[in-house]
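Following the hints, position chains B and C against chain A.
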Amino acid sequence: MIERINFWQIPDIWHYFAYVVLPVCALVMLVRFYNRIRLWWQVGRAEMRWDQPLSRLWRLIKFAIVQVKVLGQTYPGLMHVAIAWGFFVFFLGTALATIDADFFKFLRGSIYLVFKLVLDSFTVVALIGMGMAAYRRFVQEPSRLTLDKSFALSLALVFGIVLTGLLTESLRLAAIAQDPALQPGWSVALAGWTPTGWVVAQLWLALKLTQEALYNVHLGLWVTHATLVAVFFLTLPVSTLVHILTTPLNIFFSKLDRPVGRLAPLAQNAQKEAIYVSTLRDLTWKQLLDGDACTECGRCQDACPAHAAGTPLSPKRLILSLREALHRDGAALAKGNQPAPLLVGEAIEDAVLWSCTTCGACVRECPVLIEHVDAIVDMRRYLVVEGRVDEMLQGALANLGRYGNSFGQSERMRARWTQSIQPKIKDARREAVEYLWFVGDYASYSATLMSVTQKTAEVFQKAGLDFGILYDGERNAGNDVRRVGEEGLFEMLAEKNMAVLAKANFQTLVTTDPHSYNTLKNEYPANGHTVLHYSELLDQLIAAGKLKFTKKLGYTVTYHDPCYLGRYNGVYDAPRRVIEATGCKLVEMPRCRDRAFCCGAGGGRIWMDEGNVRERPSEGRIREAVALDGVQVFVVACPKDVTMYRDAVKTTGNEERLVVKDLIELVHEALG
Amino acid sequence: MNQDIFVVVEHLRGALAEISYVMMAAGRDLARTTGGKVYAVLLGQNVQNLADTLAADAVLYLESPSLADFTSDGYCKALSGLIGQHQPRAVLMGHTSVGTDVAGALSVRLGLPLVTSVRHFEGDKFVSQICGGKIMAEGELPAPTALITLVPGGYKPESGQSAQAPLVTPVAVGALEDLRVSVRQYIEPEAGDVDISKEPLLIAVGRGIQNQDNVVLADDLAKALGGVVCASRPVVDQNWLPTTRLVGKSGKAVKPKLYLALGISGAPEHAEAITGSNCIIAVNTDAAAPIFNIAKYGTTTDLFDLVPVLTEKVLQAKGG
Amino acid sequence: MNIVVPVKLVPDLVEELTIDASGAALDTMWLRLIINELDDHAIEQAILLKERYGGQVTVLAPDSEGVDDMLFTASARGADQLVKLVGNFEGGVNNHALGRALAAYVKDLKPDLILTGVQAHNDLDGSIGALLAEYLQMPYVGYVSGVNLETDKAVVRKEYPGGLIAELEVALPAVLGIQAAEQPPRYVAISKVRQAMKTATIEEHEVAELDLLGGAVVSRMFQPEAAEKATMLSGDPDAVAEQLIGIFKELGVL
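Chains as they are written, first to last, in the working numbering: chain A, 1418 to 2089; chain B, 209 to 528; chain C, 1354 to 1607.
With the rest of the complex left out, here is chain A (with noise of 0.2 Å):
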């Protein structure tokens, strides 16, 4: 019965390489890296990120092992698991080889076999990975990519180690193939279960190479083989390779303890006293591991709406200036207690801040699950409390906080749109209701909107249902002032509104906007209330009859999905169906459900300056809709889209193309 030869042909002396040498460099690699990771707690923040191992571990296993997110993108996604799973394979060989060696004998047979089979076929999906990877980064060159020779060194690196395996490999075979004896239990007919091996082992043959020569290649390749990993041990810590380490430490601990819609509250300190981010010091260490955990992909800056548009925010170079910031002071903060040098304003210029719209399509893009958007935040409650703010956004936020709208507009003035309503919606502060409709700032104060708002009215009316309004009770629900950074006036505006809401009587939330589901969903208290957007309660109602339409619309239209509401609350399907029953055809978009591209609003961008851009956010989207053969309707789900997308249409000279209309606008029409 055939069975694994140990060290075939290889001189005892060089045992010594792979039970030594092998070893220390192993122990170096760890040592080295120990050394780099310790920085995270010695100069970042305490934060608790090891609750629920089961569940992390299985997040461990799904993106860092089966690699999910990596395969979201098909040519890159393919490529890199060619190699990382040929690696976890070959790293399980040869665990599995040294049990068989030292410990319990077991590769033997058809064991042994299949053994032999899975490491060849990894060794050639490797080897395609890297042949893939070589021509994407030297012939595609993405502009994403960090084209650094570092790299190409790594991946020559790696390439070599497979590459020697290979090689040593088909030595051995051949070597076998010209004497049997070798390796009993061999014969031809078991080529196939080495069959890349046995491919490049007949190029030996061909050269009718000595036993002797044969051994001595061998030899020298599997030397070389050896070598190139301890070199591969060696370097690790400090080249790009390090993300093996670094990946799966960075999903293991990724974010568990809340909904991904909800933003962490201000850290405090021993004395109580909030803590603002501006320097290294102020990160948590796992804000400091995302930075390490970075393998410079880009996907996150493709994704990214503000990088789109030329602001001077990229996330992949934010989180990168993490990592330069702890390589360059990390040690010296670790050793002594000085203050950490400025961060905000000094690598990361306040601009770059400002210019997230907090869509988070960059977490949603990242294959290692950094949070990019958390820390954006953070660092943008330290500008917010220093003042730097510039003054658009400080006449929003000081209209915020006198009159509870960014519009600057008195609250009496909130439920004015109803004046024309009949009959009078119930105030819900007054009467016991079955929903209560938070309608939100855009809808209630914004002139644009007014018939959407009123539309939105009459389509529940019609519904029969039991729904009232707070009038002028209600206030900016905080979303998107929570994202600016002004936790304080989110805290304000939240107070209040939790207030009228607990003297209210209703069994629902129901809301138009999805920055206000959000928040009102995942950040303000639970109290046992339901919270829907008003996508979700149409379709209810539709599911349930209690919406009857009376016209087949037959328009073909596409669906932009609010980031709010899909990326972040993961509600796709509802507006959709909603869609489908007014008789429309839904054509996607190539960028949607959480892939969509948002309009440029959120992160409170649309109460700030906007600065010098390339091409706005909403323009690139119009013409991505406008690409869609026969597409009429540009149907979006959120009044800033509304906002957004009709300005969009107009400056894109789009307006004989494409029609934006608000979802309660094609159910009023089939309404009739």
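In short, the hints are calculated from the structure, not lab data. There's no promise every hint is true.
Straight-line C-alpha distance at most 30 Å; calculated DSSO-like pairs for lysine-lysine [unchecked claim]: (1) C:Lys1551 to C:Lys1403; (2) A:Lys2067 to B:Lys431; (3) B:Lys504 to C:Lys1602; (4) B:Lys526 to C:Lys1602; (5) B:Lys431 to B:Lys465; (6) C:Lys1582 to B:Lys504; (7) A:Lys1843 to A:Lys1963.
Frame of chain A, contents of chains B and C only:
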């Protein structure tokens, strides 16, 4: 104590300020009720003929080197002597950087009542304009001598002009020593590209333009019409347009053929600088904005919807 | 450098203003009070001077709804001392009365400089700065948009119409009426204000009977009916634009 009216003439660097004519018209109106004479009170150095075009009964000219430049201290000292002696029924000053520097001090120094922001008189009543022009306050002219600061808008400057120069009577000014305020230098506004006070066609933007990027809408319209863009204070304070384009109390007063006000509320400080316009057209979504009280035409259409369409139509009409 | 900043709250013009039953005063039912915008600039200028030259800033305000919040916000911006004037304000307050009430108190504070907004939109008897200056026998310059200090004097930029600026020397101590601070009032995060509420204290200064002498008596307040209101153009943007083209042609600009 008599029924005369004093009008404290305002002038700067050899030029008579327009408010002086408005005050003169107001003074004449008040004098009709009180039955006294209207005196133009002129302070300065070598400016004795500056009041020649005012419709005053006489000019009381207080000359002193210390009065060559306006200072609150200098004017206050000189005026308190004069008012104390003469005891007129009312002293009219401008509600301006000049008048308001002096009025308060005189009120306290002489123990005389002060009414500010007066727009016009109705018989022996004053009518003041407060709260951004939204509220009028009326009351009896206080006795014995009412100190008044006047805002423009209630009287036409022409009513305060006269072709016949009034008699100039020099009045001895006491020692004006130890003045605590002195002028170091004057700083002219930067010579801008345009002098908006001479332009016949002005497109004005206010807070309603919302941000710097939208100013281009006004630029496009101005280019199409052959006019010039100007602005109210909030826009200039934010540096969306240079100070040379400021229309208002602290900027320029303009009298164009057409003044198109986009997103401007019409607060008094701005309104007073455009009342000389031939035709004001106001675009503002707030139907209650004070600008509609002085505009000839108005619309509540959103300027962002209107302006691009208008620009296009103008270009078409011009044969574009 | 001891800087005193008297400020006051005035009706917020965002709300609709109405006249009360007496016909001679504003209806206070829906009145929201906010800080006089120019007083806000005065506070900002004071803080800027403190940052530039060192010293202490005291902010004073008469008691009214919302004055505590306003004072705490001033503290969060950098004011050192907060004083609220309390007393019987039922009979009405005017700036002469306020000036007299402030004079004795402020004199004891021995200020080098007093900054206040050059006017408030509800002033009827002159600005508090000009009156207070005379009660304290200090010089007054209004419409100031820039302040620098030299030994014993302030060098200020005074605004005149047409964009003209005069640079004046004013002997200290003096009162300046601020038109604009050198930079717009900085943003104060609500959390800082809330913190100030916990750490800062507002001193109360009792004010004796107010003497309104020197002000005017208002017999009637009303909303102006415009003699000629504008001819309003209506319709969709296209229709309005057409009408405007017509007007432009009439005027001869097109």
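Evaluated hints:
1. With a CA separation close to 23 Å, the supplied pair lysine 1551 of chain C and lysine 1403 of chain C stays within the 30 Å bound.
2. Proposed proximity of lysine 2067 of chain A and lysine 431 of chain B is supported: the alpha carbons are some 21 Å apart, at most 30 Å.
3. The hinted pair formed by lysine 504 of chain B and lysine 1602 of chain C meets the criterion: a straight-line CA distance of about 15 Å does not exceed 30 Å.
4. Between lysine 526 of chain B and lysine 1602 of chain C the CA atoms are separated by roughly 11 Å; this keeps the pair inside 30 Å, and the hint holds.
5. In summary, the hint linking lysine 431 of chain B to lysine 465 of chain B is supported, as the alpha carbons are separated by about 16 Å, within the 30 Å threshold.
6. Among the hinted pairs, lysine 1582 of chain C with lysine 504 of chain B is consistent with the structure: their alpha-carbon atoms are about 7 Å apart, no more than 30 Å.
7. Among the hinted pairs, lysine 1843 of chain A with lysine 1963 of chain A is consistent with the structure: their alpha-carbon atoms are about 20 Å apart, no more than 30 Å.
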